[in-house]
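Peer 1: Turn these sequences into a full structure, and let the hints guide you.
Going down the list, the sequences are from chains A and B. Going by the working numbering, the first sequence opens with residue 446, and the numbers climb by one from there. Going by the working numbering, the second sequence opens with residue 446, and the numbers climb by one from there.
FYI, nobody ran anything at the bench for these hints, they're computed from the structure. Check the hints yourself; a few may be wrong.
Note that the list lumps identical chains together, so a pair holds whenever it fits in one copy or between two copies.
With a cut-off of at most 20 angstroms between alpha-carbon atoms, the simulated SDA-like pairs for lysine to any residue come out as follows [stated by the list, open to error]:
1) K732 to F465
2) K704 to T693
3) K484 to Y648
4) K721 to T667
5) K454 to P503
6) K525 to E787
7) K562 to D523
8) K484 to S472
What follows is each chain in one-letter form.
There are 2 protein chains.
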Amino acid sequence: MINDIEIIKTEATKINEVDFDNLAFGSVFSDHMLECDFKDGKWHAPKVVPYHPITLDPSAKIFHYGQSVFEGMKAYKDAKGDVYLFRPLENFKRLNISSKRLAIPELPESYFMDGLKALLEVDKAWIPQQEGSSLYIRPFVFASGNGFHASPANAYKFVICTAPSGAYFSGKVKVLIEQTYSRSANGGVGFAKAGGNYAGQFYPTQLAVEKGYQQVIWTDDTNHEFIEEAGAMNIFIRINDTLITGPTSDRILDGITRKSIIDIANAEGIPVEVRKISVHEVVEAAKNGTLKEMFGAGTAAVISPISGFGYKDSDYDLPELDNTYANRLKKIITDIQTNKSEDPFGWRYKL
Amino acid sequence: MINDIEIIKTEATKINEVDFDNLAFGSVFSDHMLECDFKDGKWHAPKVVPYHPITLDPSAKIFHYGQSVFEGMKAYKDAKGDVYLFRPLENFKRLNISSKRLAIPELPESYFMDGLKALLEVDKAWIPQQEGSSLYIRPFVFASGNGFHASPANAYKFVICTAPSGAYFSGKVKVLIEQTYSRSANGGVGFAKAGGNYAGQFYPTQLAVEKGYQQVIWTDDTNHEFIEEAGAMNIFIRINDTLITGPTSDRILDGITRKSIIDIANAEGIPVEVRKISVHEVVEAAKNGTLKEMFGAGTAAVISPISGFGYKDSDYDLPELDNTYANRLKKIITDIQTNKSEDPFGWRYKL
Ligand SMILES: Cc1ncc(COP(=O)(O)O)c(C=O)c1O
Ligand SMILES: Cc1ncc(COP(=O)(O)O)c(C=O)c1O
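Peer 2: This is the structure we're talking about:
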């Protein structure tokens, strides 16, 4: 028992099968998982158990009505072997914000935080120490209760799995500014990390990939006029020396990387504007040479520089700069995350 | 083997535990299910197997990215014991339309239709003969492939389960015309029967229920100005003697009941208009007494009369009429479905 969490350990570790120097993203899973059930109207104490399959009735509501939310976090191991999380309470809070919108019962903070800590303690050896690698952490909650009635389930499962992972993207990405499909509605669930938001993006993304882009930049569903976000990243745009990002809303995920970057940029004296930014403004800036950088920001990729974008049958390249905000901000944030620098914001969370 | 579908029968039927005179909706499941797997780039032949739990890795994409679509159909048994489906090919086509939008591989027609027929043949005894009851049929497809990368899965499962069921709603419903939340975006997945569309409706529906309504009527997400549809029903509005329903779009499910009712109403000489209908028009009609009826139309409830609606802190009651379109149309469509009348449209599908 760590922090009162029951722990059942695996009898056979798989860790020796894993090549920690050549990790893909999220495809190898650690020995244990956290499991926690909601039934009879309440969440029951979580347990650390061996990573194992989940068995559900075919009528479980997750299969039919999409009641699922998730989070994405990372644990880093520094040179001394100490383990750090980055702003984990933000993930906990956002998970509950997502759950509420999806009519999923909210979790007690201690079940999330103590459960997570117990899990990472047990699977500490799975946290990579290699440069650029980390333990990707995936908390998720889904409807496990049964029935074909389109209404909230009466049972849910909260699970945390972890996956030692390398970098998410390699290299710069070329993006398509979407003019046909949309990710979210006003008054919808776009601000939630709800499973259904991702499934809806796959087909338009496939179409973009067929045209030679790697990612889609979503725009508002009314006129496709304003830049919103990418598939799993918020978007920053640098025009001249000003860094611009759209305001969050009920359509856009309130990214933890995004808000950390805003704080870092402010502290660095980089002019930051949080305001609506139109596709028109970005295209004009690309044409007149004031568009300097675009990058995505999210836990998985941290900062993902964009090499160019497509918009209405035209392609626009971004300049190759020597000193980019993307590199500068990425170094600052990852140095904080991996305990290579001071932590002036108090974001690091030592295990 | 029926139609080349492999069949593995259960050794212990549960049918004697079921009270067919007191069936709820979709909560008792028949002895068998159809199961069909997509892997290695193709769908493999479906099998009829005993109803059994589904086992998935915690990283299965259904838990994380909401890749799931479903259908809802009914089988009816007439007085002679013959079994009928209603326009099943429409459900098959719509399932594939939904799948395409969710980047799920489309199913071959024969796997759906022959699989369905084989399943119903094996579980024929589960199809209720009681007035108002039917066998509710739930085909669904979900991502069973693994991995934490937000991209389409490489494996899927297509399943059909059935549930002997009584009526979905009992009595008239009072609805709230939604002015805050939305069901779908322009360019989104509203026209698909995607799991995520339903989860997103639960919370706003709970808020409406707390205010004394049973269902929400969704409106467009731009200005909440036009009537769209209900949770699992399309909406018809009768003003004077004209029956009005909104056009389908990428935001609204193309309901099979809806289009059948339009055809029946046309054949009956009822004036029908398929056009956008504003909330303003409905409220004005309620105020000046020309609003005669509102009803929902969908497979589960067939036709569900609405007793009144709430809009911006006011409630509007609908009149109690003796001869409603709702009752007249419901009788015609259910008589066709249950083989109590001729089938001038060729909709009935005898097993
Ligand atoms: C849609 C979307 N936007 C933005 C982000 C970035 O959020 P965060 O920085 O908290 O990871 C994510 C998640 O990673 C996301 O899924
Ligand atoms: C959102 C939605 N609208 C309308 C309908 C009605 O469609 P159908 O008549 O094909 O059952 C359904 C499904 O039953 C639905 O889920």
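Peer 1: All hints are to be evaluated individually against the structure, with a verdict given for each.
Peer 2: Outcome of the hint check:
| no. | hint | result |
| --- | --- | --- |
| 1 | K732 to F465 | neither (44 angstroms within a copy, 70 angstroms between copies) |
| 2 | K704 to T693 | within (10 angstroms within a copy, 39 angstroms between copies) |
| 3 | K484 to Y648 | between (35 angstroms within a copy, 19 angstroms between copies) |
| 4 | K721 to T667 | both (14 angstroms within a copy, 17 angstroms between copies) |
| 5 | K454 to P503 | between (29 angstroms within a copy, 17 angstroms between copies) |
| 6 | K525 to E787 | within (16 angstroms within a copy, 81 angstroms between copies) |
| 7 | K562 to D523 | within (17 angstroms within a copy, 60 angstroms between copies) |
| 8 | K484 to S472 | between (30 angstroms within a copy, 18 angstroms between copies) |
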